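Top line first, the protein sequences correspond to chains S and X.
Counted the way our numbering counts, the first sequence spans residues 53 to 263.
Counted the way our numbering counts, the second sequence spans residues -1 to 304.
One thing to keep in mind: the hints can contain errors.
In silico SDA-like links for lysine to any residue, alpha-carbon gap of 25 Å or less [unchecked claim]: (1) S:K224 to S:A71; (2) S:K197 to X:E293; (3) X:K142 to X:S175; (4) S:K94 to X:L186; (5) X:K296 to S:E221; (6) X:K219 to X:D153; (7) S:K107 to S:G133; (8) S:K94 to X:D133; (9) X:K118 to S:S206; (10) X:K261 to X:E224; (11) X:K142 to X:D87; (12) S:K75 to S:K94; (13) S:K57 to X:E293; (14) X:K150 to X:E134; (15) X:K302 to S:P137; (16) S:K94 to X:T112; (17) X:K242 to X:D226; (18) X:K243 to S:E141; (19) X:K113 to X:L70; (20) S:K134 to S:G165; (21) S:K157 to X:D216; (22) X:K28 to X:N7; (23) S:K235 to X:V82; (24) X:K192 to S:D138; (25) X:K261 to S:P137; (26) S:K67 to X:L298; (27) S:K197 to X:L85; (28) X:K261 to S:D205; (29) S:K94 to X:V82; (30) X:K66 to X:I131; (31) X:K219 to X:G122; (32) X:K14 to X:K118.
Derived coverage of chain X by chain S (criterion: at least 3 residues anywhere in the stretch with Cβ under 8 Å from a Cβ of chain S; other residues may be distant) [claimed, not checked]: (33) 140 to 151; (34) 185 to 191; (35) 292 to 299.
In short, the hints are calculated from the structure, not lab data.
Just so we're clear, the structure is a prediction, and the values are computed from it rather than from any experiment.
Think of the CB as a built atom: it goes at the ideal place given N, C-alpha and C, for glycine as much as any other residue.
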Amino acid sequence: MVRLKREIAKRVFAKEFNASRFKIGGNVEKETVYIFTPLGLKCNRVFIVGALLEKEEVRPDADIWRIRIADPTGSFLGFVGKFDPDARESLAEIDIPSTVAVAAKAKLLEKSGKSIPFIRPESINLSDFETRDYWILETAKATLKRIELMKVDSEISRIAKEKYNPNLEEYKEMVIHALQRLKEEAKVVEEGLEEVEDSIEEEVLDINDLY
Amino acid sequence: MDKFHSIVNEIYEMFKDYKVSKSEIERRLKLLVFEFKVPEEEARRTIINGLRRDLNISKEALRFPLTKISELEPGKWVSVKAKVIQLWDSTSPSIAQWGIVGDETGTARFVIWTKSSKGKVEEGKNYLFEKVIVDEFGGVKSIKVTSLSEIKDIDEEIEVSEEGGEVEAIGALVSISQNSGLIQICKLCGRFTKAGICKEHGKVEGVEVLRLRGVLDDGEKMFEIEMDENCIRSLTGLDLNAAKKMAFENLDRSIVLLELKRKLLGRYFRVFGELKFRTINVKRAEFFRPKILEEVEKTLEEVKNW
Chain S
53 MVRLKREIAK RVFAKEFNAS RFKIGGNVEK ETVYIFTPLG LKCNRVFIVG ALLEKEEVRP
113 DADIWRIRIA DPTGSFLGFV GKFDPDARES LAEIDIPSTV AVAAKAKLLE KSGKSIPFIR
173 PESINLSDFE TRDYWILETA KATLKRIELM KVDSEISRIA KEKYNPNLEE YKEMVIHALQ
233 RLKEEAKVVE EGLEEVEDSI EEEVLDINDL Y
Chain X
-1 MDKFHSIVNE IYEMFKDYKV SKSEIERRLK LLVFEFKVPE EEARRTIING LRRDLNISKE
59 ALRFPLTKIS ELEPGKWVSV KAKVIQLWDS TSPSIAQWGI VGDETGTARF VIWTKSSKGK
119 VEEGKNYLFE KVIVDEFGGV KSIKVTSLSE IKDIDEEIEV SEEGGEVEAI GALVSISQNS
179 GLIQICKLCG RFTKAGICKE HGKVEGVEVL RLRGVLDDGE KMFEIEMDEN CIRSLTGLDL
239 NAAKKMAFEN LDRSIVLLEL KRKLLGRYFR VFGELKFRTI NVKRAEFFRP KILEEVEKTL
299 EEVKNW
């Protein structure tokens, strides 16, 4: 039973993804191509839950849309077109801003000496804050694991250091910042809920008073 | 007499893979214990050594008996002949490789520790994993390759059974296959049929079912999953009749697939079910709602201690 191996959808924050400048693989025909990030992640597919902030038809003649999806560290640039009909179809129904869950192919545009990482969504779905929060947690943990791996001598960590010489402290701060925001937001939401409930109660009382 | 039989059984267990019969062991033991009046322990050792010599088995092979995957017991040192079915990316510097292996009796996970410095295995190839230790986590058995172990290429094709036992998995549903939703399957073999044609049986009478096939992915590993009507109903409220009605009203059955994608794609799930080859036949599924705040605080605490 020979089957093409499906690539795992990696969890990576926008800041790390966007700092990628190199590819691995693709030297032989049909060999899988991976984006190689500064923390040594090889990704061909990613899964992201974040805020869809922009969708703009950039090539109306070819039906190609540019999108931007933000996470706590930055934003992913993406392109959606008829080559991914599922994503194209659901994008049409989604307004901005919305929280979305996206499974996407990780790509690197190499043009006139520049390398720009972007994503090509396979599917886009409306999501919610709870799912997004879990994604942030999961991605934070995965990133911390990679930072630790960078401190251990291995082929991957050697290549990553040679290509990027990443500032691990900076990435660690990025993760801490994302987690702290999550913690603060969670508290605000809890307090916020109480406030809303209070005001609903007040309103109900007011109505009772009126009648 | 009890002691006599327990020795027979013990030796039989040790040599059962080498086609040694119980009666043969009994014959040897009787001879030594009853005729030569040798103490039982001494007789036991003599028989084991004798059989080992006769069958040309190394001492190590006996200490690490060749074991089928369905018979793996946690805590035991064994050797396993298996095919590597799936390899996952390493998620820790201490793990060189991990994934799923299988033989004709079932499947198990395997881990090759970096410290073991054992050669790399490849997906789809067959190996003899010698002197490995078995452990179990969350109902899933795994074999651990340590520095004591050996991995040898073998020149035989292992047929992998589909039985893999109960598993639990958590992950995001990152893909739903087109063969999902309100579909027709072949009455004879249960395969997906397109326009009433089964790949195996040609033109057949189709049976309508509500089904979901997809991929659950946690960023480190993934499982193909299959959900039946019951599972789909528990998650979405949609059952076969409602799906049929929906398709009828829209004059299009693909509306059901669209609805499943809208409600389930990109969500996190915890599923329980039977692992068959690579697919989990899901018996129970729920939306995964962990206590995020607690986890966030725990993770922050850990980072501070770096």
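Evaluation of the provided hints:
For the hint pairing K224 (chain S) with A71 (chain S), the CA-to-CA distance comes to about 15 Å; that is within 25 Å, so the pair holds. Proximity of K197 (chain S) to E293 (chain X) is assessed by CA-CA distance (about 15 Å); at most 25 Å being required, the pair is judged to hold. Proximity of K142 (chain X) to S175 (chain X) is assessed by CA-CA distance (about 34 Å); at most 25 Å being required, the pair is judged violated. With a CA separation close to 44 Å, the supplied pair K94 (chain S) and L186 (chain X) exceeds the 25 Å bound.
Straight-line distance between C-alpha atoms of K296 (chain X) and E221 (chain S) comes to about 20 Å, which keeps the hinted pair within the 25 Å bound. For the given pair, K219 (chain X) sits about 29 Å from D153 (chain X) by alpha-carbon distance, which is inconsistent with the 25 Å threshold. The suggested pairing of K107 (chain S) with G133 (chain S) holds, with an alpha-carbon distance near 12 Å, which does not exceed 25 Å. Among the hinted pairs, K94 (chain S) with D133 (chain X) is inconsistent with the structure: their alpha-carbon atoms are about 30 Å apart, more than 25 Å.
The hinted pair formed by K118 (chain X) and S206 (chain S) meets the criterion: a straight-line CA distance of about 15 Å does not exceed 25 Å. Simply put, K261 (chain X) and E224 (chain X) have alpha-carbon atoms about 16 Å apart, close enough for the 25 Å limit, and the pair holds. Note on K142 (chain X) and D87 (chain X): the hinted pairing holds, with a Cα-Cα distance of about 16 Å set against a maximum of 25 Å. Restraint check for K75 (chain S) and K94 (chain S): satisfied, since their Cα atoms lie roughly 9 Å apart, inside the 25 Å limit.
Our distance criterion of 25 Å between C-alpha atoms is broken by K57 (chain S) and E293 (chain X), whose separation comes to about 32 Å. A hinted pair counts as satisfied when its Cα atoms are at most 25 Å apart, and K150 (chain X) with E134 (chain X) qualifies at roughly 24 Å. Restraint check: the Cα-Cα separation between K302 (chain X) and P137 (chain S) comes to about 45 Å, which exceeds 25 Å; the hinted pair is violated. Between the alpha carbons of K94 (chain S) and T112 (chain X) the distance comes to roughly 19 Å, so the proposed pair stays at or under 25 Å and holds.
Only pairs whose Cα atoms come within 25 Å are accepted, and K242 (chain X) paired with D226 (chain X) is accepted, the gap being roughly 15 Å. Restraint check: the Cα-Cα separation between K243 (chain X) and E141 (chain S) comes to about 23 Å, which is no more than 25 Å; the hinted pair holds. Our distance criterion of 25 Å between C-alpha atoms is met by K113 (chain X) and L70 (chain X), whose separation comes to about 23 Å. About 28 Å separates the Cα atoms of K134 (chain S) and G165 (chain S), which puts this hinted pair outside 25 Å; it is violated.
At most 25 Å may separate the alpha-carbon atoms for a hinted pair to count; K157 (chain S) and D216 (chain X) meet this at roughly 16 Å. In summary, the hint linking K28 (chain X) to N7 (chain X) is supported, as the alpha carbons are separated by about 14 Å, within the 25 Å threshold. With a C-alpha separation of about 42 Å, the suggested pair K235 (chain S) and V82 (chain X) falls outside the 25 Å cut-off, and the hint is violated. The straight-line distance between the Cα atoms of K192 (chain X) and D138 (chain S) is roughly 20 Å, inside the 25 Å bound, and the hint therefore holds.
Proximity of K261 (chain X) to P137 (chain S) is assessed by CA-CA distance (about 18 Å); at most 25 Å being required, the pair is judged to hold. Under the criterion of a C-alpha separation no larger than 25 Å, the hint pairing K67 (chain S) with L298 (chain X) is consistent with the structure, at around 19 Å. With a C-alpha separation of about 19 Å, the suggested pair K197 (chain S) and L85 (chain X) falls inside the 25 Å cut-off, and the hint holds. Using a Cα cut-off of 25 Å, the hinted pair K261 (chain X) and D205 (chain S) is violated, with the two alpha carbons roughly 44 Å apart.
At most 25 Å may separate the alpha-carbon atoms for a hinted pair to count; K94 (chain S) and V82 (chain X) meet this at roughly 22 Å. Distance hint between K66 (chain X) and I131 (chain X) is fulfilled; the C-alpha atoms sit about 13 Å from each other, no more than 25 Å. With a C-alpha separation of about 17 Å, the suggested pair K219 (chain X) and G122 (chain X) falls inside the 25 Å cut-off, and the hint holds. The straight-line distance between the Cα atoms of K14 (chain X) and K118 (chain X) is roughly 31 Å, outside the 25 Å bound, and the hint therefore fails.
For the segment 140 to 151 of chain X, the stated coverage by chain S is violated: 0 residues have a C-beta nearer than 8 Å to a C-beta of that chain, whereas at least 3 were required. With 0 residues carrying a beta carbon less than 8 Å from a beta carbon of chain S, the segment 185 to 191 of chain X misses the three-residue requirement, and the given coverage is violated. Check on the segment 292 to 299 of chain X: 5 of its residues sit with their Cβ under 8 Å from a Cβ of chain S, so the three-residue criterion for coverage holds.
In summary, the structure is inconsistent with hints 3, 4, 6, 8, 13, 15, 20, 23, 28, 32, 33, 34 from the numbered list given earlier, while agreeing with the others.
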